[in-house]
Each structure stands twice: as C-alpha cells, then as structure tokens.
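Protein chains: 2
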Amino acid sequence: MSTYKAPLNDMRFVLYDVLGAEQEFARLGQTDATRDVLDAVFDEAARFTETVLAPLNETGDRIGCRFDKDTGAVTTPPGFKQAYAQFVEGGWTGLVSPVEFGGQGLPYTAGVPLKEMIDAANLAWGNFPLLSHGATDALLHHGEDWQREVFLKPLVDGTWTGTMCLTEPHCGTDLGLLKTRATPNGDGTHSITGTKIFITAGEHDMTDNIVHLVLAKLPDAPAGSKGISLFIVPKFKVARDGTQGDANAVRCGSIEHKMGIHGSATCVLNFDGAQGYLIGQPNKGLMAMFTMMNTARLGVGVQGLGLSDRAWQNALRYSRERLQGRSLSGVKFPDKPADPIIVQPDVRRMLLTCKALVEGGRAMSYHAGLQVDVSEHAPTQEEREQADALVGFLTPIVKACLTEWGIECTYQALQCFGGHGYIAEHGMEQLARDARITTLYEGTTGIQALDLLGRKIMQLQGAGLKIFLGMITQFCDAQSGNEGVAEFIGPLREKTAQWQQLTLQVGQRAKANPEEVGAASYDYLMYSGYVALAYWWARSAAAAAASRHSDAFKQAKLETARFYFARILPRTLAHAAAVGSAASTLTALDEAAFDA
Amino acid sequence: MSTYKAPLNDMRFVLYDVLGAEQEFARLGQTDATRDVLDAVFDEAARFTETVLAPLNETGDRIGCRFDKDTGAVTTPPGFKQAYAQFVEGGWTGLVSPVEFGGQGLPYTAGVPLKEMIDAANLAWGNFPLLSHGATDALLHHGEDWQREVFLKPLVDGTWTGTMCLTEPHCGTDLGLLKTRATPNGDGTHSITGTKIFITAGEHDMTDNIVHLVLAKLPDAPAGSKGISLFIVPKFKVARDGTQGDANAVRCGSIEHKMGIHGSATCVLNFDGAQGYLIGQPNKGLMAMFTMMNTARLGVGVQGLGLSDRAWQNALRYSRERLQGRSLSGVKFPDKPADPIIVQPDVRRMLLTCKALVEGGRAMSYHAGLQVDVSEHAPTQEEREQADALVGFLTPIVKACLTEWGIECTYQALQCFGGHGYIAEHGMEQLARDARITTLYEGTTGIQALDLLGRKIMQLQGAGLKIFLGMITQFCDAQSGNEGVAEFIGPLREKTAQWQQLTLQVGQRAKANPEEVGAASYDYLMYSGYVALAYWWARSAAAAAASRHSDAFKQAKLETARFYFARILPRTLAHAAAVGSAASTLTALDEAAFDA
Numbered sequence: 001m002s003t004y005k006a007p008l009n010d011m012r013f014v015l016y017d018v019l020g021a022e023q024e025f026a027r028l029g030q031t032d033a034t035r036d037v038l039d040a041v042f043d044e045a046a047r048f049t050e051t052v053l054a055p056l057n058e059t060g061d062r063i064g065c066r067f068d069k070d071t072g073a074v075t076t077p078p079g080f081k082q083a084y085a086q087f088v089e090g091g092w093t094g095l096v097s098p099v100e101f102g103g104q105g106l107p108y109t110a111g112v113p114l115k116e117m118i119d120a121a122n123l124a125w126g127n128f129p130l131l132s133h134g135a136t137d138a139l140l141h142h143g144e145d146w147q148r149e150v151f152l153k154p155l156v157d158g159t160w161t162g163t164m165c166l167t168e169p170h171c172g173t174d175l176g177l178l179k180t181r182a183t184p185n186g187d188g189t190h191s192i193t194g195t196k197i198f199i200t201a202g203e204h205d206m207t208d209n210i211v212h213l214v215l216a217k218l219p220d221a222p223a224g225s226k227g228i229s230l231f232i233v234p235k236f237k238v239a240r241d242g243t244q245g246d247a248n249a250v251r252c253g254s255i256e257h258k259m260g261i262h263g264s265a266t267c268v269l270n271f272d273g274a275q276g277y278l279i280g281q282p283n284k285g286l287m288a289m290f291t292m293m294n295t296a297r298l299g300v301g302v303q304g305l306g307l308s309d310r311a312w313q314n315a316l317r318y319s320r321e322r323l324q325g326r327s328l329s330g331v332k333f334p335d336k337p338a339d340p341i342i343v344q345p346d347v348r349r350m351l352l353t354c355k356a357l358v359e360g361g362r363a364m365s366y367h368a369g370l371q372v373d374v375s376e377h378a379p380t381q382e383e384r385e386q387a388d389a390l391v392g393f394l395t396p397i398v399k400a401c402l403t404e405w406g407i408e409c410t411y412q413a414l415q416c417f418g419g420h421g422y423i424a425e426h427g428m429e430q431l432a433r434d435a436r437i438t439t440l441y442e443g444t445t446g447i448q449a450l451d452l453l454g455r456k457i458m459q460l461q462g463a464g465l466k467i468f469l470g471m472i473t474q475f476c477d478a479q480s481g482n483e484g485v486a487e488f489i490g491p492l493r494e495k496t497a498q499w500q501q502l503t504l505q506v507g508q509r510a511k512a513n514p515e516e517v518g519a520a521s522y523d524y525l526m527y528s529g530y531v532a533l534a535y536w537w538a539r540s541a542a543a544a545a546a547s548r549h550s551d552a553f554k555q556a557k558l559e560t561a562r563f564y565f566a567r568i569l570p571r572t573l574a575h576a577a578a579v580g581s582a583a584s585t586l587t588a589l590d591e592a593a594f595d596a
Numbered sequence: 001m002s003t004y005k006a007p008l009n010d011m012r013f014v015l016y017d018v019l020g021a022e023q024e025f026a027r028l029g030q031t032d033a034t035r036d037v038l039d040a041v042f043d044e045a046a047r048f049t050e051t052v053l054a055p056l057n058e059t060g061d062r063i064g065c066r067f068d069k070d071t072g073a074v075t076t077p078p079g080f081k082q083a084y085a086q087f088v089e090g091g092w093t094g095l096v097s098p099v100e101f102g103g104q105g106l107p108y109t110a111g112v113p114l115k116e117m118i119d120a121a122n123l124a125w126g127n128f129p130l131l132s133h134g135a136t137d138a139l140l141h142h143g144e145d146w147q148r149e150v151f152l153k154p155l156v157d158g159t160w161t162g163t164m165c166l167t168e169p170h171c172g173t174d175l176g177l178l179k180t181r182a183t184p185n186g187d188g189t190h191s192i193t194g195t196k197i198f199i200t201a202g203e204h205d206m207t208d209n210i211v212h213l214v215l216a217k218l219p220d221a222p223a224g225s226k227g228i229s230l231f232i233v234p235k236f237k238v239a240r241d242g243t244q245g246d247a248n249a250v251r252c253g254s255i256e257h258k259m260g261i262h263g264s265a266t267c268v269l270n271f272d273g274a275q276g277y278l279i280g281q282p283n284k285g286l287m288a289m290f291t292m293m294n295t296a297r298l299g300v301g302v303q304g305l306g307l308s309d310r311a312w313q314n315a316l317r318y319s320r321e322r323l324q325g326r327s328l329s330g331v332k333f334p335d336k337p338a339d340p341i342i343v344q345p346d347v348r349r350m351l352l353t354c355k356a357l358v359e360g361g362r363a364m365s366y367h368a369g370l371q372v373d374v375s376e377h378a379p380t381q382e383e384r385e386q387a388d389a390l391v392g393f394l395t396p397i398v399k400a401c402l403t404e405w406g407i408e409c410t411y412q413a414l415q416c417f418g419g420h421g422y423i424a425e426h427g428m429e430q431l432a433r434d435a436r437i438t439t440l441y442e443g444t445t446g447i448q449a450l451d452l453l454g455r456k457i458m459q460l461q462g463a464g465l466k467i468f469l470g471m472i473t474q475f476c477d478a479q480s481g482n483e484g485v486a487e488f489i490g491p492l493r494e495k496t497a498q499w500q501q502l503t504l505q506v507g508q509r510a511k512a513n514p515e516e517v518g519a520a521s522y523d524y525l526m527y528s529g530y531v532a533l534a535y536w537w538a539r540s541a542a543a544a545a546a547s548r549h550s551d552a553f554k555q556a557k558l559e560t561a562r563f564y565f566a567r568i569l570p571r572t573l574a575h576a577a578a579v580g581s582a583a584s585t586l587t588a589l590d591e592a593a594f595d596a
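Going line by line, the protein sequences match chains W and Y.
The first sequence runs 1 to 596 under UniProt numbering.
The second sequence runs 1 to 596 under UniProt numbering.
These are calculated hints, taken from the structure and not from any lab test.
Only a predicted model underlies this, so the values are computations on that prediction, with no experimental measurement involved.
Mixed in with the good hints, there may be bad ones.
The list treats identical chains as interchangeable, and a pair is accepted whether it falls inside one copy or across any two copies.
Here are the computed lysine to aspartate or glutamate pairs in the EDC-like style, where the Cα-Cα straight-line distance is at most 20 Å [as the list claims (entries may be wrong)]:
id: 1; residue 1: 336; residue 2: 68
id: 2; residue 1: 284; residue 2: 168
id: 3; residue 1: 153; residue 2: 68
id: 4; residue 1: 554; residue 2: 388
id: 5; residue 1: 511; residue 2: 246
id: 6; residue 1: 332; residue 2: 591
id: 7; residue 1: 69; residue 2: 425
id: 8; residue 1: 217; residue 2: 205
id: 9; residue 1: 554; residue 2: 590
id: 10; residue 1: 217; residue 2: 187
id: 11; residue 1: 179; residue 2: 321
id: 12; residue 1: 554; residue 2: 595
id: 13; residue 1: 332; residue 2: 241
id: 14; residue 1: 554; residue 2: 487
id: 15; residue 1: 81; residue 2: 58
id: 16; residue 1: 466; residue 2: 494
Hey, can you work out the whole structure from these sequences and the hints?
Written out as structure tokens, the structure is:
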C-alpha cells in the first residue's frame, strides 16, 4: 500500500519564503491569517489527512461506491461517511468561506495546501466536499438573498453538499446542445426535466440533502450557449423559509464503472419535473457556471499535484529500500548484497523529474491561489482587476499542466517500482488510474489550451500574459547581482523573450487562418507551463538560499533547479517547434484519408 | 466496447512496399513465403483475431483469471481455453517454428503481423502462447537432442505451453542475487527449490502440461550472474522417452492483482524439490535465457504497437461520430447539430500523433523482425553477423520506444473520448491499463536504455549503430533526385549526423565518469527511436508514392510524414539537450537531501 506524509516543510517554504504570503495577507487585510494560525491549521490538516483519509484510500478503490438500482441510493465505501462527519466536525468545509455564512473566513490560498493534502491522501473522497465549493461560489456571486440565506449556510457547514450538473449524454464541451428543460410553474419555481451524466457526488449517503446546480433551457431560450440558465435543484425540496420537504423528482439512474476514483460516485441523474429555483438572470447560466468552474479548475490542477506528490514520496522510499545491482562508479554499500537503486542515475532522473514537477508545481498553484485573494481583497480596483486577469491566465495553465504532470509523475514513480508497480498491493497503480481522470474532467487539456490561447491570449489581448511576463522580468532584474542564481537568469530571460515572440507569431498567423489558434494551442500551453515552472524554480532556488532552511534543503532546491533547467526545460524546444509549424500540418489530411 | 479491425492494408504496405519482404524471403531461400501464402495467412489471422480473440478482451478484463488456493489451480476467463484450442487447431502456434519439429517453417517476420493482431485483439490472451516461443528458442539453441525431441514438438504444436522463470521476490533486474537452488540427484536430474514471482502463464487450464524454464544456482556455482544455470521443469514430470508422469513438485502459490491484463495469469510459483533437467552448460544459464529474452523483447515492443493501433482505430471512429462544437474556419456540417470533433485541429493532433507512431512503429518493428530472418538465413556469414548486430541494436529501441509510444497512444486515444474515455464501457481505459505493463516487463525502459547505450553502443563499439546509420545514408543518397520526399532528406541527414556526434560525446565523457552512460541512457534511447522513426517515415512516404496504393493512401503517408517531421521529430531537441547535460545534474544531489 502506498503511504502519505503531508509535505509541510515544503508547503511552508512555498507560502512564506517563496510567495511571502504572510505579509501579503496582512497587506490584503486578511489579518486573521497569521503564520501561527495557518501553521496550526496545516498541522491539523496533516494529521486528519494522514490518519483519517489516507488509510481509506485503498479500500475506497477496492470496494468503491455501490448503487442500488431499486432505490437509486448510493452507498459510499466503508469509512467515507464517518470521515466526512469528522471533516464537518473539524470545521474544514467552511475554512475559506465567508464568516457571515458560518465559514472561518481564511484566505482562499489557505485552502490550497488543505486541498493538496486531501487529494494526495484520498482523491476519491475529496470529490465529495470539492463540489460544494463551486456551488458556494455560484450562490455567493449570483444567488438572491433568500437563496444565499437558505442554501449557503448548510453548504458552508457541510450539512449538505453541492453538485455541478452540466454534462448530458450528447454534450460535454459544447453546452449549447443541452436538452434539459426548465418550465416555469408560475409560483417562482421551475420544473426541471432532463438527464445529466458524469455528476460527481450526484448521490451519496454522507448528508441529508444535496444541492444540485443544474444547467437547463427555458421555453423561450435563444439557441446555443446564449440560452442556458442555472437552477438550484435540491435532492429534497427546500422551501423559501429553509424548511426541508419531500423528495424532489430527481433520481440517480446509475453510477459509472471507471478506470479509477472508484470511491467517487459519478452519477447519471434523471430530473423528471423536479422543483428548481432560477439562480441569477435567465439565459445567463453559463456565466454563473464559469464562476464555479474557474475555482474547480484550479482545484483539479491541485489534484494532479497531490497525486504526484504521493506517488513520488513512495517512489523515493522504494528507491532507497530496493537493493538491485551496483553503482557503475563503484560499490556504494559493500555491506549489502546490492546497492539501493537510488544510486542509479536513471532512477534519479525519474525521481528528480517528479521532484521538479511537484515542488515547482506547488509554487505555481499556490501563487495562482494567492492571486484569487488579491483579486478579491487588494486595496485598489486596478490591482484587483490585474489579479483577476492573472488568475484567468494562470487557471488553464495550472489545470492542464499540473494534471499532465500528474500523469507523468504517477507514471515515473510507478516505473521506479519495476514490475512491482503494476501490482495492486503497492498502491502505485491506483495513483496512476486515479490521476487519469484529471486531464479529462472540468475541461480536457485541449479545452484548457483553447481557453488559454483562444480566449485569454487572443480575445483578451494577452493581459494576463503581460502581467506574468512583467513579474518574471522584475524578478530577473532584482536578481541581477545574485551569483547564487545567475546561471538561471539568462535562460529564463531567453525563454521569456521567446514566449512573447511565439505569441505574436501565432497571433499574426491567426489573422490569416483561424485554425492556427487550435493548431498551436496545446503546444503553446505546454510551452507556457514549462517556462512558468522555470520561473518558479529560479525563484525557489533564490528563496531557499535566502531562507533559514537547512543546508540540505538549500542544496536540494539548487540542484533540482539545475536539473530542471538542464533536462526538463529543453522540452520547450520541441513545443516551440510545434507552435511554429503551420496549421496545415494538422489540417491538410482529408478526413476520409486518415485510414485510407 | 472498443472494436478491432486488423490493418491488413498497412501491414502489407510495410512488408511489401517499404521492406520488399517478398524479394528478401526469396533471396534468403525462404521459398515457401510467397506473397500468396503470406496474404492467405494474414487474412485468416485477421479473421481469427477479429472474431475469436477480440470479443473475449472485455470479459477477460472484467472476469480475469481465478485462483483456487486449495488446489493451486488457475482458471482462465470464459472463452480463453476454447480460443486457445482453436488457435492450436489452426496451426498458429508453430507458424514460424522449424518444419522438423512440426512447425510451418515460415519466416520469423511473418509472425510479427500475427503477433500484432493477437496483441491488439486480446493482449492478455496473447501472453499464454507468447512465452512458448521463448522456451522453443532456448531449447532449439541450447537443448540436448533428447530434450528437443521430447519438449519441442508439444511446444510447437501447442499441446503444451512454456514459461520463463527468472524473477524472485528480491530480484528482477539483478539476477545475480537469485536464491533458487538446483541439487543434482545423481541420475541426470536436479531437484529445484525456490520461489519465482511474476511468472506469466505460470499456471492455467489451457493445456495438459506446462514447461517451465527456470534459472537456478548449482551447489558449487560462482557468485553473481556467472553462477546461474537454466533448467527444464515441467508441471507434470516427463521422462527422457517423452512419457508424461506424476505432478512435479511445483505449485502456484497465488496470482497477482494487477492494474491490467487481468486475463493473463501472473503467478507465484513455488518449487519444492521439483524434478528438472539442466539445459545447456552449467553456469551458462543467463546466456541461454538471453536467447529467449531477445525475441520476447521484440514481442513486447509489438504488444505496444498492437495496443496503440487498436486505441487509435477507436479514437478515429469516435472523433468522426462525436458531434460537438463547430470548426473555427466555418461550419463543416450545417445539416448536423454540431461538427464532428475530427474537424478540430487539436483532435487531429492527437489522432496524427497516434497514426505517426503506430504506422512508423510498424515499419520499425517489422524491419527488426526481418533482420532476425537475415541473421539466420543470409547466404554469407558476414551478412548474418551484421544482421545479428543490427537485431541486437534495434531490440532495445523497438522494445522501449514502441511500449513508451503505446503509453502515449493509449493516452491520446482515450483523451479523444473526453470523459467517456474514463468509463469502462468504452474499452479505452482497459487499453491504457493493459499498455502500462509493457514498459515494465521483459526489462523496463531504463534497462533497455542501458542495454542500448552501455552494451550495444559502448561495449560493442556501436557496430549495430554503424550499420543502421549506413542504411539511412544509403537511402538519403538514393533519394537525392526524388522531389517527392526532398523535404525530409535534409532534416534526416542532419539528425543522423547529430546522432553520431552525441554518441561520440557520451563516449568521451564516459571515459572520465562511468555514470555518464546511465545518466544519458534514457534520453539517448528516445532520441534514437525518434530519428529511426524519421527514417521510416521518409521511407514510407517514398514507398507510398512509388506504390500502386490509392491516392488517398499516398496523401495520408505524405501528410503524416510531414506531421511527424514538423511536430514529433522536434522532441529530439529536448532529448539531445538532456544527453548533452553532464551526469552531475543527476548525481550531485545527496541521496539524503532528496526530501530534506
């Protein structure tokens, strides 16, 4: 079985030494978020995730959720319900929610390490509370007063959970095609009818009620995505005064048999004239849904990070324990029958790949989280808008890259185990199977790529990119006299300049041919992720050197940065070449000739 | 459920148009292997694999092998045993085995497309007959006359199957550590005692007997890998006159619960004084085992190819069927509610990546197979030796690259399905889980990389590389006037020159520091694979243009070659940069500081 230990030391390094979060929270007026408070929160989160959630991970996978087709009920794996009760008891569900609705009001950023720990400990379990955050956000930003009053408190305190009901059998990415209908009843309620699929936590036994946020079309709705509205549809009816009534006309039709996250209930939900309340404006549902989706996307990125971290922790342990062969530069452990495989350079390549992607990815995602706080609490509107643009720009990069790297890290970590990695009892294959969902849900990597290049760069004139490039340049300028990181500054400046050129180049080509954006998008996205990570590694090396961490810690940051620049960053060469290729290399082949 | 259609058209293109196999077989005196005969064989193989094996793939995964701990018996999934009986009935087990032992004596090359079809149709099932080939080879090359007489015929005609028993709980790669003991009984037999793990097809219900080839140590054996001997240990004892006797003292202790290939029995075998016969010379067992391993490694490479092909066939079908969104360059199917996703450039990127890796990999692996025939049947010893060196050089590339690409193709193909790819009923996730074993067994990718760079390049002075580079240069020279492929020749020459330089560079560095080989090995391997594939794509484009295939087929080869050169071959830039990095980027970090 794989084990998990929360990487508190590195989490704190990222928050305090790299990002200066403590000072930042003070500046933003989030005065409760002192280092003492946060450290206590993280210590307790580590205890909870390591001792309560992590031990349930293997049984959750093996036993999975059970579906009773007679009643439509879903039973979660043994221990999941009790763990959720403890989670609620500990006040975790409202950690970063507003005090006015019963939350603890800590910064959004503080929720990111918590989420990383939950996902590393037990990704499938983590999906139950996860979606409540999206529902909370949508209600906060788009709900009427009474809706916030009635639905927010139980979502924040964990009495109820939430869902996001978007996908239908024939449409996922293209929501304009959806068929679910909402008919006004004349009393302020609507009757919702249709079938939704892939609904995470759509049915379960953890709470007394579930609040579904459902996309549907009103009778007079315009065609396509401009005619979508959002509705609150609770599993048990809830009156405007908050009293809970009879079962609503929504029923779980089945749960999916999946490659992984067996402990997470992925439901087909059949709405058959279910009572619902419109949330926000008619036909503006997609915008409200995007509010939920953005933080959900950052959250899925963090899922990739958590799984990667757990995988590499175990690979490191195994590589130190497994005795096999001898070092080529001479026997390292003459008293043992063989040397541990960590002496092999190629095993170190796999371990360092994970370490570089995990720790760099941690800085990248925590920084994105911090920008969410800045976008809400910065003193000036200009700064809030800038941070908002930055979050919009970083979200597809964090979501896509951290999940793609999650695939890679769980792959490399499993590979360190050799054939043993393929055997269920070591737990590595579960991590690989669980990771596989993360590049699919909340928008595939391809969709993130289009969001980045098509929307955040082309449509918004690269506002977020400009801010981010400015940050890199500012850092490089500030480090100009620092010999400890001088080796990284030149290559970083070079890549930053190339990033700008590539962006202009694609923009030019897109004027003549709109297919150029789609053709370049994936490689542009990955290029961006690797350059961003180079920035985070240079900053991490600089921050470590200036910190009070141990010499071993400083050595590890410096050598991992060197490894990253020498052996991972060159992947940008391949991605840049692909971005530089004409769209015709993808579009020239006749569709019918693919299998001629 | 995923479907499978044998790609006979492309298989024939590779064999006849790219490789000129028909003329080659005639030159080698393999006169039975006419195009008529081979085409009939492939047609029948397609029918068998598509209609008998492919439909058992999903149930094989879902039900898997069952183990009875009271009897030690393994029951294969429903239909597997009957399919094996049909396979034996059809004479498939001996397709490429010598006529003198009951085989059909066709070239080794003819077995490669057969194997590709079997693996694509049902990888788990394919593992049962697979290991018989290794046992057959070992007996052919190292067995005494009576051993060949008694054991070969039933292995060739499929009455019995074979295994390779190498791995033990504490040793896989480092066989010098093995503990299984062989004690001479004084009557020409030995008593074998020890535990072997990860034994594919180690126990099953398909045949009356199983021939285990077991590595063990004689009492006076030298330490390490120089003291390993190979033994024949049948499940039921077999006398020297071939009569089958009582059960031998070998028992299956359990079968592994794995990420995939659930229909393949991966056994723990406990030998408790089992009767065995020494095969080959005492203490020379490793060499005999390498005979089995080389063809087994090529075979596992072909497993990666088969899975990739099945995955991409299904992704192509789905991408044509799934309607979602509209083409950015204007609506393509106005009569439909949305365009099929194949109009999206990024979906085409994923499909073309698969197509390029599958079809290029097919040429690469069939060519390696052809060299096995040349190494055995060429008229001059010099040519046979050259082909043998080439096979040795190509084997780790084919094994490692085709399986790594199998991971990538099953990933990309699943990704084309979006969230539906994660659901079991579509069958894509099974392909991804099954593919995951291929970069592990028969030597991990890291082990292949060391075999290539450490052994085939450094120890053998790059004999195989020189021959292969000569082939590429000869091709480039011959095409100098061919405008149809001129765009590929320049880049191919450039990469070929760089391949030589990188090889010399690592060789130089390795003189000063032996760790340089291990540090460069993986990236050197992948670099080699991508340049080799560039050669096969240039040759494929040239061969297609000169062939009688359809215009659509010719367009597809040309455009896929262009895609490959523009968007995949640039990965060599990243691998070359990593090869060029000093070993210190991997070795500098103190082992204890990895998680400081």
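(message) So, against the hints stated earlier in the document, which numbers end up violated here?
(response) 1, 3, 4, 5, 8 and 13
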